[in-house]
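*Asks:* Sequence:
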Amino acid sequence: MTRLSSPFVKQTSFEVDYAPAFITKWKSQRTGLQLTYINQPSPVVNGYFAVATEISDDSGSPHTLEHLIFMGSKKYPYKGLLDTLGNRLYSQTNAWTATDQTVYTLTTAGWDGFKTLLPIYLDHLFNPTLTDEACLTEVYHVDGKGKEKGVVFSEMQGIQGQSWFETSNHLQKILYAPESGYSSETGGLMAELRHLTNERIKEFHKSMYRPDNLCVIITGSIDQDELLQIMTEFDAELSELPSVANKRPFVDSKHNEPLTEDVVKVVEFPETDESTGEVLMSWIGPLGDDPVINTAVDMVGAAFTDSAISLFNKHLVEIDNPYATDVEYHTDDYFRTALNFICNGVPTEKLQELVTKLKQLIKSQTNPEDFNLLYMRQIINQQRLKFISQTEKSPIAFSNMAILDFIYGKPDGSDLPKWTRNLDEYDELLTWTSQNWCDLIKEYFVDNKCAVVLGTPSRKLNDEVKKQQREFNKSIKAKLGVDGLKQAGEKLAAAHKFNDRPIPEELLVVFAKPDPSKIAFIKTSSYKAGYSKGIINVNTNQYIESGELHQKLTQDTPSDFPLFMHFENFKSQFVNIQLVMSSTKIKPHLLKYMSIMEEIFTMSIKFPQGEYMPYEQVVADLNRDLIEFQLDNGFNYQFLDLISMSVKCETKNYGTAINWVYNIINFVEFEEMRIKVILEKILGSLPDKKRNGELMMYSSQFRNLFNNSSLRKQQDSMNTESFFKELLQLINDGKFDTIKRDLDEIKSSLFQLDNIKVIVLGDISTLETPVSLWTKFITQSKQPEEEVTSSIVPFSQLPRSYQFKSDLGTRCHHEAFLIDMRATESTHLVSLTTIPTDYLHEDVPRIALAIEFLCAVEGPFWRSIRGSGLAYGVSMKQNIETGYLSFQLYRASDAKQGWIEARELVKRYAQGELSIDALSLENAIAAIVNEIANAQESSYDSASAKISDNLFKARGPNYIELYLNQLNQLDANDVVYVLKKYFVHLFDAKYSVVFTSLPMEKIEEMGNFFQGEGYNINVEEVNHDGVDEEEFEEYSTEEEEEEEEEEESGDEESDNDNE
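Heads up, the sequence shown is in the UniProt record's numbering, so the first residue is 1 and it goes up one at a time.
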C-alpha cells in the first residue's frame, strides 16, 4: 500500500517549561485542517474536535447541530453508532456548545481504540446525515398527547428561567450588539426552537463545518507517525481550500468595543423565595492576544475574590450582615476578553447598594499609595503555582489554550507557544510597580464602562410563567384537534422507528476490541513509616522495603514514633499531605458544627506564649506558603464519614506545611465575630441551594436514611438550618461561650494523635526529613506513646457509611418522599434498595456489569427513557460504602413513566423475555475499562486510587487485574442473577424507598401513583424557613390537564451537553 504524502506542515513544536508536556501543531496545506498534539503521558487519550461556531440569533442552530451530529454519518448512517462502537473501543464521546465554539470530545483508554474511532468520528462531523426524522425527535416536536418535547427543547426548558441563565443571557445582550455572535444564546431559546427548521441547521453546517474551520486536538500517549498517517488519509477525502479564503468566524467579524456608558438592568427570574438575588458586573476588556495584560487582569480578579481576605470578600462577604455569600471572577476568552464578577446570595434589598460598593472598592485600588503591592505579588506567585499544579494533574489547560489558539490565534500557529511554552508573563508582572497595577485597574475596571445585571427573584413572575405555560399547552391541543394530535403521534412514531434502526452487528465486530494489557496505567511507589503494627493489612498493600528511599525513611523515623505514615512516591513539583481522621471521635450532637469547622483555615491562631495571629494574617500567610488547604469529608471523594485535613505545597515547603497543620490543629482560636460571620454566610447561601431540586432530593435522602451519627445527615444544609439560626441567637444573647466550648471539644477530640493517619503524596525522594519533621506532633500530644499505639483504630475498623443508617435506611422499604419545589420545572427522582457492603463481595462485578449494560449510551434505558423524551438523564449507581443500589432520573419530563419503563425493562430482562446479547456485554466491560483508566489519568489520581484500594477498601495492589478478570468471566446468566436479586427490588415497595423533587402541580399525580404502588407518601415543602412535612391525602384520579403539561427531556450523560 502506497503511503500518501502528508499535506500536514508542522507549524510549531516545543517542550513546555513548567509541565511534563511537549506540544506540536500542524496544518494541512491542502484543506486548512489543523492538528495539535499535546504529548503528556497518561493511560487516557483525549480528543477535542473544535469548530468555531458563530451565529447572531437565538435559534440554537449550533446546539441542535451538535446533537444531530451523533445521529449518524453518510458512511455510517446509524444513530448511536459512535457511542456503541465507542463502548467497544474503551471510548466515551461527548460534546459542548459554547458562545464561540462547538467542541466534540473523545476519551479513550489507550491509543488503539482512539485511532480506530478517530476517522469515523470526524466523518460524522463533516458528513452528518441530518435527516428530518432526527431533527423531529432531537430538536422539537409535539407528541400525540399535545406535549412539547424534543431533546434540545426539553434541555433548554430545564434551564431557561433559572437565575443564572436569565441574568447571563441579558448581560451578553447588553455588552454586545445584536448582530454580534457574542450576543446569541447558542443553546436556543424555547420560542426560537419551536420554529427552527432542518434546512436552517443544514445551512449552518455548510457554513461552519469546513476543514479550514476545524482543529483536531489530542492529548496523551500515542504513536505520532500513526496519527499523521490517519489524518493524511482522512484529509485526502475532504474538499480543498477555496481560491478565495473563507471568512474566519469572529476574527473577521465586526468587533464590539467597550461600552461608552455604564448600563444597569434589573432582570427578574421566576422564584417563590424573594429573599436573595444575584449581581453580575462585566466589562469588555483587553484584546485576547496579549498574554501579559490578560494574565494581569486575571491577577486583579484573583486579588479581588480569591480568598477570605481578598478585597471583595473582606468588605462584602466576611462581615456582619454580609452583602453576598460569595463573589466569583471569571473571564470569557473572546476576541476581546470579557471580565466578569458574579455576586451570589445577595439580599434583595441590597442589590443596588452592592453595585455602588463594588465600584467604590474597585476605585479605591487606583491610588498607588493605598495599593498593597506585596499582596499582589503573593497572588501572582500562588496563581502561577496553582496553574502549574493543574497542568501536572491534567492536560485540560493545554487543550483549552489550543482551542483558543485555533479560534483566535494567528494562522501561522505562532501564538500557541507564546501562550503555553513558558510562564514569563508571571515573571514580568512581578516587576510591576503599584503605579502599573493602578493604571491597569483604572483602564479596564474604572474608566472602562460596565454592564450590570441585578438578578431579582419574583413570585409574581413565577405565577405568570406557569399560567402562560398552561394556557400555551391548552392552545396546542386546541389548534391540533383530535386528528392533528393523532397525526403528530404517528409522525413521531415513524421518526423513532426510522432513527432506531438496529446497527448491523457485522459493522461493529469488524473493529477488533483493543488489548487492555496495552493500556499504559501509571505506576506509583508505596512506602510506610512509623507505627503500623495492626494498623494495616500487609497482604493488601505492596510497600517497598528496600532501596535508597526506604533506607532514608527508616533512618529518619525516630524511635517509638507512634504515628502511622503512608508515602506514595512519584515525580512532581508538589507534595500533598492528608491527615485522615474518624468522625466517631466527635459526639453525634456536635457533628452539626462540622460546616463551621471546615472554615478552620480562616480563623485566628493564639500561641501558648501569648502571640496572637489574626485570621487575616493567617489567611495571607497560608496563601504565601501553600497552594491548597482545606478540612473536608472523606478521602479522594469517598468514605464520607471520615474527616481529612489536606494541604498542598511546593516540595521545598514541606516542613512549612507541616508547621501550618500543627499550628492549626493545636492553636486555632474560635472567636465570636468570626463564627458569626461564618454562620451568616452559611445561612445566606441557603436560598440558592433551595432552588436546586436535585440538591433538595439528596437532602431528603440523607435526612431520612441516615442517623444522627452520620456526617451526611448532620452536615446537610436543611438539617442544620434551624441549628445555625439557634447559634446566631445564642451569639446575639451574649452566650457565645456555649458555642466556643463545643468547638473546642470537637477540636480536642478530632485531632487526638491516635485518631490521625498521615498520607503524603508527591516526590518523596526529594524530601530531606520526611518523617522526623512530624516529631513535634508527638511531643505536643498529651497522650502517652503507649496509649496512642494501643488505641489507634486500624484501617479495617474505620467507620463505614452503612453503619450509620437510620431505621428506615436499614429496612429500606415502603416509603416515598415527594419534595415540593414550587419554582422549578424539573423533576428529579432516585429509587434505592440495599446491596452488600463488602468491597470484595462476589456480586460487585456482576452489579457493575448489569449497570453498564442497562445504562450504556444507546443501551436499554437510553433508548426507552432518554430516546422517548422521558428524562434528561438516567443513571444507576452501586455505592458499596452506603450499601445502596440506586436508580436515578435527572430532569425528568415524565418521571412516572420513566420509572415504569425502567421497571418493565428490568423485569423483562430478569424473566428472560428480553435477551442479553454477548456483544452488549463485551461493550459494557470495555466501558468499565475506560472508566477505570479515566479515574487514573494522572500520577496523583493513580496514587489516590491505589491508596483507596489498598488501605481503605483492603482490595489489594492487584485489584484492577482481579476485577477485570472477574468481569471477563461473567456472562448473561450473571447479569440476570443480579437483576433478579437486586435490580427488580428498586421498583418494588417491599424492598425500596423513593425520593423525588418535583413541581407542586405534579405532587398529586406522583403521590397517587406511588401510593398505588404500595408506598407510604411523605410530602416535604422546601420554603424560606426550611423543610415542612405535610400529610399526603389520596387525591382523585381526575387532574387538571395543565398540571401534566410542563415537561422536559434529554440526558445528563449524553453526548450533547450544552455549556
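These are computed hints drawn from the structure, not numbers from a lab. Treat the hints with caution; some may be incorrect.
Now the in silico label distances, taken between C-beta atoms and shown as ranges [as the list claims (entries may be wrong)]: (1) Ser-364 <-> Asn-1016: 35 to 41 Å; (2) Lys-363 <-> Pro-784: 46 to 52 Å; (3) Gly-489 <-> Leu-914: 23 to 29 Å; (4) Ser-722 <-> Leu-840: 28 to 34 Å; (5) Leu-808 <-> Glu-490: 52 to 58 Å; (6) Glu-226 <-> Ala-494: 40 to 46 Å; (7) Leu-808 <-> Glu-745: 28 to 34 Å; (8) Arg-200 <-> Asn-1016: 47 to 53 Å; (9) Asn-246 <-> Thr-431: 41 to 47 Å; (10) Ser-748 <-> Gln-797: 55 to 61 Å; (11) Glu-226 <-> Ser-364: 24 to 30 Å.
Glycine included, C-beta positions come from ideal geometry on N, C-alpha and C.
*Asks:* Now look at each hint and say whether the structure bears it out.
*Replies:* Now the hints, each set against the structure:
no., hint, result
1, Ser-364 <-> Asn-1016: 35 to 41 Å, "violated, 59 Å"
2, Lys-363 <-> Pro-784: 46 to 52 Å, "violated, 59 Å"
3, Gly-489 <-> Leu-914: 23 to 29 Å, "holds, 25 Å"
4, Ser-722 <-> Leu-840: 28 to 34 Å, "violated, 42 Å"
5, Leu-808 <-> Glu-490: 52 to 58 Å, "violated, 46 Å"
6, Glu-226 <-> Ala-494: 40 to 46 Å, "holds, 43 Å"
7, Leu-808 <-> Glu-745: 28 to 34 Å, "holds, 30 Å"
8, Arg-200 <-> Asn-1016: 47 to 53 Å, "holds, 51 Å"
9, Asn-246 <-> Thr-431: 41 to 47 Å, "holds, 42 Å"
10, Ser-748 <-> Gln-797: 55 to 61 Å, "violated, 22 Å"
11, Glu-226 <-> Ser-364: 24 to 30 Å, "violated, 58 Å"
The structure shown violates the earlier hints numbered 1, 2, 4, 5, 10 and 11.
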